[in-house]
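Q: Residue numbers (the working numbering), protein chains in the order written: chain A, 736 to 1119; chain B, 16 to 356.
Just so you know, the hints here were simulated from the structure itself, not pulled from any lab data. C-beta atoms are modelled at their ideal positions from N, C-alpha and C, and glycine is treated no differently. Among the hints, a few may not be true.
Cross-link-like lysine-lysine pairs, in silico, DSS-like; alpha carbons within 25 Å at most [said to hold, decoys possible]:
id, chain 1, residue 1, chain 2, residue 2
1, B, Lys45, A, Lys901
2, B, Lys147, B, Lys186
3, A, Lys901, B, Lys91
4, B, Lys147, A, Lys901
5, A, Lys901, B, Lys47
6, B, Lys186, B, Lys237
7, B, Lys192, B, Lys224
8, A, Lys825, B, Lys224
9, A, Lys1052, B, Lys192
10, B, Lys71, B, Lys93
11, B, Lys91, B, Lys315
Stretch by stretch, here's where chain B covers chain A in the computed footprint (C-beta under 8 Å, at least three residues) [what the hints assert, rightly or not]:
id, segment
12, 771 to 783
13, 900 to 906
14, 983 to 997
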Amino acid sequence: MADTNPSFVRHEMLPAQPAPIAAGNIIGWVRTNLLATPKDVVLTVIAIILLALLIPPALNWLVVQATWFGSDRSVCTTIVQGGIQPDGWKGACWAFVKDRFVQFLFGRYPLDERWRPILVTVMFIVLLAPMLIPKAPYKGLNALLLFIVFPIVAFFLLHGGFGLQKVETPLWGGLMVTLILSFVGIAVSFPLGTLLALGRRSKMPVIKTLCVTFIEVIRGVPLITVLFMANVMLPLFLPTGWTIDNFLRALVAVALFASAYMAEVIRGGLQAIPKGQSEGADSLGLGYWQKMRLIILPQAIKLVIPGIVNTFIGLFKDTSLVSIIGMFDLLNIIRLNFTDTTWITPVTPITGLIFAGIIYWIFCFSMSRYSAFMERHLDTAHKR
Amino acid sequence: MNKTLLSAAIGAAVLGFASAASAATLDDVKAKGFVQCGVNTGLAGFAQPDSAGNWKGFDVDYCKAVAAAIFGDATKVKYTPTTAQSRFTALQSGEIDLLARNTTWTVNRDTALGFNFRYVNYYDGQGFMVPKSLNVKSALELSGAAVCVQSGTTTELNLADYFKANKLEYKPVVFEKLEEVNAAYQAGRCDVYTTDQSGLYSLRLSLAKPDDHIILPEIISKEPLAPAVRQGDDKWFDIVTWAGFALVQAEEFGITQANVDQIKAGSTNPDVRRFLGVEKDTKIGTDLGLTNDWAYNIVKGVGNYGEVFERNIGASTPLKIQRGLNALWTKGGLQYAPPVR
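Turn these sequences into a full structure, and let the hints steer you where they fit.
A: This is how it looks when you write it as structure tokens:
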């Protein structure tokens, strides 16, 4: 048996082959991904032509021709329009964004007091960063600080009190307002939405009816209508001399609105949890709240992270609707400047809107990336 | 009264934000230490925050004039930006003391809405802008034109009335947002742009070739823009009224922000001396519930009507609006103040 060496067995090792062309280098990647079939070739060529047509003019407009420095409209207008640029000039007017940048951030918040929103932002980042990093310790304390202590401190810092000069909310504006509305909306809607979702699945008729009514009424009305009612109708119902701060009205409207949507998203997660989980918890002798907190909600919420983040992103962008009640969030403070005689030019609106788009995109994209990270982090079994 | 105060106190305690308003607006304003003034959320030359966030503009100066008359300090104003819809509620509910927001004075607003107007601070009217290349000299030649107009404004209704009255055909191109109307006009989707004339001037600045467009001479509507107060407080109404008249009267006297001190010290004209509160035994200011140097404070704080006009919307600004109807009555315009005596 020792020197049996059947002819169908190879006698020596084969030499190493070069890697297949599809792996490793750029040419391979291009071949497999862009030029695999004639149809792919056609699509690739069309795409390249389109990009070649779009990108150079866009870059030219956004960067090459753009104006970066200046303090009034003359730098962004041609000679016939009363400016200094040559005829036929077209480009972005970044000087406008630069001149009004601080206003875009803080609205009309008094100049001397602007350290206060900056301090609030720093506090927020310091508290939020460890909250977002799963490995960071002291989550409970951190959450307490971020969701209970921080809002109170931030309120007094921004609004005044305890020796600080009072800054009325009509002076607030810009990105600051957008972020406050979003933070409050998110911070309120998540717990409130969870409670509403649990209430809607509850077997207690009164609680169930209340939750269903709340959710259906709020979801059945456009946000803009709620804001409009709060701004235009509410003061007429209140006794003379009563006014509720405009900003507070917007905060309540936005938070309640997001809660109703959040409730339905979380209910979707709750329904996806098999009954066996609940029965298992019951058999261990857990009470209702223990069962929800330890068994059901952690699984349910994990399942609906994309839906939750979707609601948050929607909420973030919906905050621009507060313009109809005379508040200036990021988008509206930018739009407000379009008609300012110092900067009124043909290119001001488009530059401002592009800038607003970039800022919104940065925030929404960050939220979306973070949720993708969280999904991977929490993924235990369900992923296919 | 007690009930109002009580509810206001409860409101303030519960909400932490409330401000009180009752029948005696002047007392409230004096107690608060500032005038709460409703202005536009942003209209070129009329109300607009600058890069430091301070409100500037023609209407804003009217708020300042009232504050100057009461406190001797034109900066004691707080502004509430109001939209076209929210302005009336804000005034009715007492959220603001005074509405200076390019609001057209109409009988409906004077009666049904419960406001009071007494003088016009800016005579506006709806006009048309067309490209020069159309070779149109008058609005009557606009038959068949596509007209760009912003939705939800009286502009839209005036347009329909005018074309119907003159038996002209037209095609309205309606948009919600100002930028959209501008873009449509520039892209040539319509031949004519219509809005209030003051708005046309600011719009022209945002066109690629401003000089290729002309504003037609026809004004198809009367838009007397006037500050408004709530009905039921005549004393406050008087103060707002005479603060406005004082601006016009100062221009008629030739008193400016720069020379007011000099004139106050040196003038021998009894009319002027009475106006500035230096004539003996004058009671004009105290009768208004103010001090006798109320008019002096106004001129010192914001200047006279001509200065307010020039600074915000006049020939030296990018808007380059002519005085036109807003010239003094002595110069062929309509700005006329009853005698201050």
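Q: Taking a Cβ-to-Cβ distance below 8 Å as contact, does the segment 900 to 906 of chain A have at least three residues touching chain B?
A: holds (count 4)
Q: For the pair supplied as a hint, lysine 45 (chain B) and lysine 901 (chain A), is the alpha-carbon distance within the 25 Å limit?
A: Given pair lysine 45 (chain B), lysine 901 (chain A) holds - Cα atoms ~18 Å apart, limit 25 Å.
Q: Need the status of pair lysine 147 (chain B), lysine 186 (chain B): alpha-carbon distance at most 25 Å?
A: This hinted pair holds, its Cα atoms lying about 20 Å apart.
Q: Go check the segment 983 to 997 of chain A versus chain B for me, would you? Three or more residues, Cβ under 8 Å, otherwise it fails.
A: The restraint on the segment 983 to 997 of chain A is violated, since only 1 of its residues have a Cβ under 8 Å from chain B and three are required.
Q: For the pair supplied as a hint, lysine 147 (chain B) and lysine 901 (chain A), confirm whether the alpha-carbon distance does not exceed 25 Å.
A: violated (53 Å)
Q: Holds or violated: the segment 771 to 783 of chain A covered by chain B, criterion of 3 or more residues with Cβ-Cβ distance under 8 Å?
A: violated (count 0)
Q: Between lysine 91 (chain B) and lysine 315 (chain B), does the CA-CA distance stay at or below 25 Å?
A: Judged against 25 Å, a Cα distance of about 14 Å means the pair holds.
Q: Holds or violated: are the alpha carbons of lysine 71 (chain B) and lysine 93 (chain B) at most 25 Å from each other?
A: Roughly 12 Å between the alpha carbons, so the hint for lysine 71 (chain B) and lysine 93 (chain B) holds.
Q: Holds or violated: lysine 901 (chain A) and lysine 47 (chain B), Cα atoms, limit 25 Å.
A: holds (13 Å)
Q: Holds or violated: are the alpha carbons of lysine 825 (chain A) and lysine 224 (chain B) at most 25 Å from each other?
A: Given that 25 Å is the threshold and the Cα spacing comes to 12 Å, the pair holds.
Q: Straight-line Cα separation of lysine 901 (chain A) and lysine 91 (chain B) no greater than 25 Å?
A: holds (15 Å)
Q: Holds or violated: lysine 192 (chain B) with lysine 224 (chain B), Cα cutoff 25 Å?
A: Holds - the C-alpha atoms of lysine 224 (chain B) and lysine 192 (chain B) are around 22 Å apart, at most 25 Å.
When the structure is compared with the earlier hints, violations turn up for hints 4, 12 and 14 and for no others.
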